[in-house]
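Asks: Chains as they are written, first to last, in the working numbering: chain A, 1 to 315; chain B, 1 to 682.
Just so you know, these hints were derived from the structure itself, not from any lab. Computed from a predicted structure; not experimentally measured. For every residue, glycine included, the Cβ atom is placed at its ideal position computed from N, Cα and C. Do not rely on the hints blindly, as some may be mistaken.
Cβ pair distances, simulated, as ranges [said to hold, decoys possible]: (1) A:Gly254 with B:Ala337: 42 to 50 Å; (2) A:Leu275 with B:Leu495: 42 to 50 Å; (3) A:Thr201 with B:Arg280: 55 to 63 Å; (4) A:Arg2 with B:Leu495: 27 to 35 Å; (5) A:Ser167 with B:Arg209: 42 to 50 Å; (6) A:Glu250 with B:Trp431: 36 to 44 Å.
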Amino acid sequence: MRPWLTQLLQLALVLVLAPWLTGLTRTFKSRLMRRVGPPPLQPYRDLVKLLRKETVVADNASWLFRAAPYLIFAVTWVAAALVPTFCTGLTFSAAADLIVIVALLGTARFFLALAGLDVGTSFGGIGASREMMFASLAEPAMLMVVFTVSLFAGSTQLSYVSAYMLSTHAGLSISLALALVALIIVSLAENARIPVDNPATHLELTMVHEAMVLEYSGRHLALIEAAASLKLLLYLSLIACVFTPWGTAEVDAGAWAYGLGLAAYLLKLIAGASLLAVSETATAKMRVFRVPEFLGVALMLGLLGAILLFVSRLS
Amino acid sequence: MRLAEALVFASRNVSELSAAGVALLFALSAGATALARHFLITRSIYTACALACSALAALGMCALIAPPVPPVTVSLPIGLPFAHTLLGVDALSAVFLIIVNLTSAIVSAGAIGYGVHAREPQRVVPFYPAFIGAMNLVVIAQDAFSFLLGWELMSLTSWALVVSDDRSADNRRAGIVYLIMATGGALALLLAFGVLAGAHGGYSFAQMRAATALAPAAIVLILTLIGAGSKAGLVPLHAWLPLAHPAAPSHVSALMSGVMTKVAVYGFVRIVFDLAGPPRLWWSTPVLIAAGITALLGVLQALMEHDLKRLLAYHTVENIGIVFIGLGLALAFRAAAMPIAAALAFIAAIFHVFNHSLFKSLLFLGSGAILNASGERDMEHLGGLIHRMPVTAVAFLVGCIAISALPPFNGFVSEWLTFQAILLSPQLPEWFLRLLVPAVGATLACSAALAAACFVKAFGVTFLGRPRTPAALAARETDRFSQVAMLLFATLCLLAGVVPGFIMDALARTSQLLLGARLAPQATQPWLRIAPIEPTRGVYNGLLVFVMIALAAVATALIARRIAAHASRRVPAWDCGFPDPSPVAQYSATSFAQPIRRVFGTALFRVRERVSMPSPGDTTAAALEVELHDTVWETFYAPVIRAVGTLADRLTRLQFLTIRKYLMLVFATLILLLAVIGLSRS
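Make a model of the complete structure from these sequences and hints.
Replies: Here is the structure:
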């Protein structure tokens with residue numbers, strides 16, 4: 001297949017799969033708690049419902065409040081489309097590397113926090129303030145993971161990283177293990193999952209992400225929910241692409257390879273969702289000021305992984 | 001044909017023409033001193049400055065695109081009796097000529113409208129063109145004397161601008177601190193040039209380059225770090241900067257933060273990369289350590305701040321740290337004989353210099369617009385300005401995104417290049433550097449994330465939410481000239497972010513001159529992407545990222561319009577059913593920074609928060625007191641000031657002696673000196 005065609009497929013695929021992944025996690029979680037829970041397709045119904053609803057905007061909201069959902073969704077979508085899912089060799093992967101993907105998520109977060117502040121309510125402020133505090137530790141931790149991975153593979157391009165991990169050169173490495181732990185911690189924090197934040201609750205004084213988006217409704221809320229789903233998909237795809245790249249189709253592979261890649265990708269997503277559900281069921285939410293320590297662990301692990309690689313290169 | 005001839009003429013006579021430009025700026029100053037009382041004169045002075053700076057920037061571009069072969073240096077028969085004044089424009093000077101004058105031109109154009117708001121323009125206008133002229137003089141100087149002359153003129157004129165409003169005690173204090181620090185810095189540079197020139201050497205840069213083998217380079221490096229670093233704002237020599245930059249009128253603040261710190265970077269690059277000869281490997285260590293601390297401390301200090309202009313000044317400190325991280329890496333790579341990596345780190349640093357001059361000037365002009373509109377610099381008294389100052393809000397938002405290093409704007413490109421340079425450093429031969437560089441990388445990543453938090457605070461508290469005071473409610477959009485200037489800066493921020501390849505190519509000649517290596521040409525890469533080392537290592541295409549985001553956003557908006565319900569309603573804010581009637585109850589700058597203050601500030605600034613909550617039934621107001629310590633000031637400066645004070649007190653006694661005691665003192669001094677001479681003879 002041509003690279004631009006796979007890129008278009010990928011753009012559509014992440015959009016279609018993202019709500020399903022969120023729904024799947026919720027279903028797994030309810031089953032683990034011995035509830036029936038909603039079906040995995042429930043998020044699609046929620047999105048449709050939100051799109052059909054009237055949009056209620058606060059009196060003093062500015063244009064930024066109304067533009068932010070579109071920007072956040074667009075930026076997250078572009079970022080999610082840059083991570084190889086079922087095949088490598090995407091057209092846009094020649095436009096942006098891992099650092100850019102991290103920074104794009106930063107742009108989305110920047111606008112989300114601004115939108116939280118726009119109406120001038122206490123909940124928006126508390127959410128934005130705490131989100132930026134978490135990010136001030138999560139983003140450097142993520143960049144340290146990027147450092148480790150790219151030093152290991154000799155490139156910041158995800159396609160090359162994935163190909164390198166598949167090749168025989170890559171062995172087990174302490175740095176990679178440290179990076180994986182750091183990446184998992186960062187993913188939990190960035191996606192507002194337990195133990196950092198609780199995605200299932202409104203009206204809790206410790207909420208962060210939900211507090212920022214409290215004033216949104218209707219189509220705006222639909223876009224923000226979709227962006228959150230895309231972000232979860234992005235992080236799972238990223239972990240899958242770097243640490244479990246098996247099955248991913250190469251550039252210009254045949255239809256069989258693509259089908260196999262897609263099946264492998266779906267399996268990885270299901271595995272990721274079930275692991276996430278297990279971890280969320282087994283752990284409790286932290287106090288807000290325990291989170292910096294949690295993320296500090298990620299930062300230190302990432303830094304340690306990078307330093308080990310820096311020091312062990314003797315050439 | 002005409003254009004080509006003009007280009008050839010300009011590039012052949014670039015030194016003479018830029019000298020003429022500097023002379024013109026000084027002449028403008030003299031003219032303004034005579035007749036600055038009328039506002040029409042004020043306007044025409046600023047207009048003339050804008051034109052002169054545009055011409056100088058164009059000259060810089062000529063010199064960079066079509067350099068004169070062989071390089072021309074003008075020798076003017078003025079200055080010291082035994083030496084001529086040498087002026088010239090090489091590839092390094094040309095780059096900084098562009099940076100200095102592009103920003104100055106746009107700021108001056110904005111000042112045509114802004115300067116009129118000043119209460120007493122005659123306190124500002126006479127020094128303004130001379131300030132720009134002095135910065136230009138530093139950049140085109142080719143000998144130590146004219147360099148230092150320009151440097152001191154730059155310090156003095158900017159000092160005069162800092163104390164132009166001397167009614168406030170804060171400004172007077174800022175002026176004194178600035179003057180002392182500037183004197184110390186210039187002294188360090190004077191000594192550095194003295195060491196470079198040697199006992200018999202000449203003071204022209206060409207002679208110094210020839211004599212470098214003799215100079216003790218370590219002393220030169222340390223003296224330059226002190227001299228140029230104090231002007232640029234390296235921690236712990238930055239203490240004057242957050243006092244002085246905000247004290248000046250806002251368009252001058254824009255120049256001081258956006259341009260003058262860059263002239264200091266130029267001084268560092270000129271001495272350490274050009275004049276001091278081949279670097280040793282350990283040189284990069286002090287530079288990288290100072291740079292890392294500067295980047296982190298600058299942004300954390302900015303987060304603690306709620307005065308908008310001081311916040312911006314602290315961010316200048318942070319960005320100077322980022323620039324020096326690039327320069328330190330370039331030194332390390334150069335010493336380790338990795339020329340391509342050195343060129344990459346160097347270009348990242350200079351690119352960041354260019355970017356910072358754009359967005360910092362934009363942000364300072366924005367803060368000036370806010371100051372004019374509301375009379376407030378304190379963010380806690382602002383809010384909701386996006387409704388009242390829409391154009392300023394858009395431009396300021398672009399500046400905030402750019403300085404937070406978010407794609408697709410320019411700040412991200414230079415940080416991306418710095419990260420790419422860091423990723424090349426495992427090949428450095430020294431183990432200590434291999435430990436230091438990832439730590440510096442983590443510092444850089446932290447400071448970028450904290451900068452984003454800080455600018456969410458700056459924009460959110462100032463422009464979003466509800467107005468906190470009547471002054472913020474009454475604010476009106478700023479004048480047309482300032483608007484155009486800010487929008488120009490914003491456009492340049494976007495352009496430099498989406499087509500960075502051209503700027504990197506423009507810097508190739510400079511890296512060739514100083515490091516003997518250049519990166520592969522970037523503008524010829526497919527799809528205008530940049531791939532500094534090779535396409536398999538790391539690629540960024542700002543244009544494509546920008547287009548993709550724009551397309552995705554527009555497509556989403558169109559689809560949402562088609563399929564989503566159109567009904568929309570304006571209602572009071574929801575806020576979980578508890579909307580605060582009072583806008584004062586909104587999140588403020590201090591409360592926004594509270595989590596970060598608690599996480600980072602407890603150790604660094606010895607933050608203490610005291611809550612006094614009245615018991616139920618008591619009607620007194622609850623209070624939260626935040627106590628912050630400026631650790632750097634208290635560790636490095638306060639003891640010195642105390643010592644000077646104590647010494648001065650002790651020495652006061654000398655002023656009240658009898659004539660007998662004075663004569664005895666004179667006699668004792670004479671004996672002492674004779675003894676010294678006698679001992680040194682024998």
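Asks: Confirm or reject each hint.
Replies: Evaluation of the provided hints:
Between A:Gly254 and B:Ala337 the CB atoms are about 47 Å apart, so this pair conforms to the stated range of 42 to 50 Å. Between A:Leu275 and B:Leu495 the beta carbons are some 45 Å apart, a value that agrees with the proposed interval 42 to 50 Å. Between A:Thr201 and B:Arg280 the CB atoms are about 59 Å apart, so this pair conforms to the stated range of 55 to 63 Å. Taking 27 to 35 Å as the suggested C-beta distance range, the pair A:Arg2 and B:Leu495 conforms, at roughly 31 Å.
The hinted range of 42 to 50 Å is satisfied by A:Ser167 and B:Arg209, whose Cβ atoms lie roughly 49 Å apart. In this structure the hint that A:Glu250 and B:Trp431 lie 36 to 44 Å apart at CB holds, the actual value being about 39 Å.
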